[in-house]
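Below, each chain spelled out in residue letters.
Number of protein chains: 2
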Amino acid sequence: MNFLEERIVKDGVVKEGNVLKVDSFLNHQMDIRLFDQMGAEFKRRFADKPINKILTIEASGIGIACVAAQHFNVPVVFAKKSQSINLDGDMYVAEVESFTHKCINHVIVAQKFLTSEDHVLIIDDFLANGCALQGLIQIVQSAGATVEGVGIAIEKGFQSGGRIIRNLGFQLESLAIVDGMNARTGEIQFRDQEKMDAENEESAGGEICRSSTLD
Amino acid sequence: MNFLEERIVKDGVVKEGNVLKVDSFLNHQMDIRLFDQMGAEFKRRFADKPINKILTIEASGIGIACVAAQHFNVPVVFAKKSQSINLDGDMYVAEVESFTHKCINHVIVAQKFLTSEDHVLIIDDFLANGCALQGLIQIVQSAGATVEGVGIAIEKGFQSGGRIIRNLGFQLESLAIVDGMNARTGEIQFRDQEKMDAENEESAGGEICRSSTLD
Chain A
6 MNFLEERIVK DGVVKEGNVL KVDSFLNHQM DIRLFDQMGA EFKRRFADKP
56 INKILTIEAS GIGIACVAAQ HFNVPVVFAK KSQSINLDGD MYVAEVESFT
106 HKCINHVIVA QKFLTSEDHV LIIDDFLANG CALQGLIQIV QSAGATVEGV
156 GIAIEKGFQS GGRIIRNLGF QLESLAIVDG MNARTGEIQF RDQEKMDAEN
206 EESAGGEICR SSTLD
Chain B
6 MNFLEERIVK DGVVKEGNVL KVDSFLNHQM DIRLFDQMGA EFKRRFADKP
56 INKILTIEAS GIGIACVAAQ HFNVPVVFAK KSQSINLDGD MYVAEVESFT
106 HKCINHVIVA QKFLTSEDHV LIIDDFLANG CALQGLIQIV QSAGATVEGV
156 GIAIEKGFQS GGRIIRNLGF QLESLAIVDG MNARTGEIQF RDQEKMDAEN
206 EESAGGEICR SSTLD
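Same order as they appear, the protein sequences are chains A and B. Everything in the first sequence is counted per this note's numbering, starting at 6 for the first residue and increasing by one. Everything in the second sequence is counted per this note's numbering, starting at 6 for the first residue and increasing by one.
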């Protein structure tokens, strides 16, 4: 287990309905020393990419993105969420479905903060169905900028977001991938990412097939 | 002028209606090196306080709070804003009027993240009428915790929030206090805080009198 998986086991709480509560260190109370370790790990995983900007989305992505940005020495832009569109000036807007809140949100970035010169690392705290993430990717592409990669703290590996994003060809790095949880025992099953990397070539075909049923 | 005032003059945009746009470095795109300078300055101004937690409010306070927290080596808690109350578990809730969005918001912090042992520094990006800030102070006090101080990036000195908070006896440190703006010329007038400190004792009586008309 890596440092984040260890922390999830120690302080995460599994609830019914595949809910993993990590609000004591990740998305309500925030452990900044942990965020710094996460930032260093993102830097290691994206060391060869010419990243000049980090893009995240309010609210709980902002803390991780800002601390990680210190390892890349780049500015952060956070996309705003709004049910209505009322920002002034020119902006990129993506429509995003929120399953949690059962509504359509707009994800918004001012055009002046993303240009075709930008090489963007997208960072967020959670990846589940990937709707918000796909909105962010769409915005980067609308700007003619390059998505150099996606860094996620916790991916729910049993939901489809990660598979879809990887099959689209993006370098998606999740520091912890939860493949299963048991609310009764509190047990959390993590994906063995080193093993996965080794088997990647063989399993790729199967992954693509399975993802095609999710559209 | 200090480093933040210089940056506001360089990149801030004054708009009609006393609006100061700082979205290129503070609250949409975020200059993390600037945030680091701000964090160091907050640490200098609150050096003698036994701060063990930083409290901020989503969304644009989070980045500043997280980078500043590295100078204090403490965790950050961000209060959530919601028009409805639907978080599970026990929480502290303050009602806050939003003049910008013309509605009542609830500011919410889970009770387990604030206790009577906590010595809290509240950090936010903007202070104008101070409604959100007063909600945060109320929440800290509901928890029986101590407000050790308030650190703000930009205070609109011509609105009443700063005066009210100072008159309540809190150590409020705003890195830049804007006393006036001219949308036609783009000119921004900052308060001379060093001079203000020197004159503090004489003017305190007057300050208190003026604040009493604001209730």
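Check each hint, because a few of them may be wrong.
Remember, identical chains collapse to one label, so a pair may be satisfied in a single copy or spanning two.
[To be verified] Straight-line distance between alpha carbons at most 25 Å, and here's what the computed SDA-like set of lysine to any residue pairs gives: (1) K26 x G185; (2) K117 x R168; (3) K48 x V79; (4) K15 x M96; (5) K26 x E63; (6) K107 x D53; (7) K48 x N78; (8) K86 x N134; (9) K86 x V98; (10) K200 x V98; (11) K117 x E63; (12) K54 x T120; (13) K107 x Q42; (14) K86 x F8; (15) K48 x T151; (16) K15 x D95; (17) K107 x M6; (18) K107 x P55; (19) K26 x V98; (20) K20 x T151; (21) K26 x V79; (22) K86 x Q42; (23) K26 x Y97; (24) K48 x V19; (25) K26 x M96; (26) K54 x D16; (27) K86 x K200.
Hints were generated in silico from the structure; no laboratory data involved. On a predicted model such as this, the values are computed, not experimentally measured, just so you know.
We went through each hint and held it up to the structure:
1. K26 x G185: Only inside one copy: K26 and G185 sit 14 Å apart there, 45 Å across copies, limit 25 Å.
2. K117 x R168: Answer is neither; intra-copy 31 Å and inter-copy 35 Å both fail.
3. K48 x V79: The answer is both: 12 Å in one copy and 23 Å across copies each meet 25 Å.
4. K15 x M96: between (42 Å within a copy, 23 Å between copies)
5. K26 x E63: both (18 Å within a copy, 19 Å between copies)
6. K107 x D53: For K107 and D53, neither the intra-copy (39 Å) nor the inter-copy (47 Å) Cα distance is at most 25 Å.
7. K48 x N78: So K48 and N78 pass the 25 Å test inside a copy (10 Å) and across (22 Å) alike.
8. K86 x N134: Classified as both: same-chain Cα gap 17 Å, cross-chain 24 Å, threshold 25 Å.
9. K86 x V98: Both. Shortest intra-copy (10 Å) and inter-copy (22 Å) distances satisfy the 25 Å Cα cut-off.
10. K200 x V98: Answer is neither: 38 Å inside a copy and 46 Å across each miss the 25 Å cutoff.
11. K117 x E63: Cα proximity of K117 and E63: in one copy and across copies (18 Å, 23 Å).
12. K54 x T120: within (17 Å within a copy, 43 Å between copies)
13. K107 x Q42: neither (34 Å within a copy, 40 Å between copies)
14. K86 x F8: Answer is neither; intra-copy 31 Å and inter-copy 31 Å both fail.
15. K48 x T151: Within one copy only: 17 Å inside a chain, 37 Å across chains, cut-off 25 Å.
16. K15 x D95: Close across copies (22 Å), not inside one copy (45 Å); limit 25 Å.
17. K107 x M6: neither (34 Å within a copy, 48 Å between copies)
18. K107 x P55: Neither: 37 Å inside a copy, 43 Å across copies.
19. K26 x V98: Between copies only: 20 Å across chains, 30 Å inside a chain, cut-off 25 Å.
20. K20 x T151: Cα proximity of K20 and T151: none, with 38 Å in one copy and 32 Å across.
21. K26 x V79: between (30 Å within a copy, 21 Å between copies)
22. K86 x Q42: neither (27 Å within a copy, 28 Å between copies)
23. K26 x Y97: between (32 Å within a copy, 19 Å between copies)
24. K48 x V19: neither (29 Å within a copy, 37 Å between copies)
25. K26 x M96: between (33 Å within a copy, 15 Å between copies)
26. K54 x D16: neither (33 Å within a copy, 29 Å between copies)
27. K86 x K200: neither (37 Å within a copy, 41 Å between copies)
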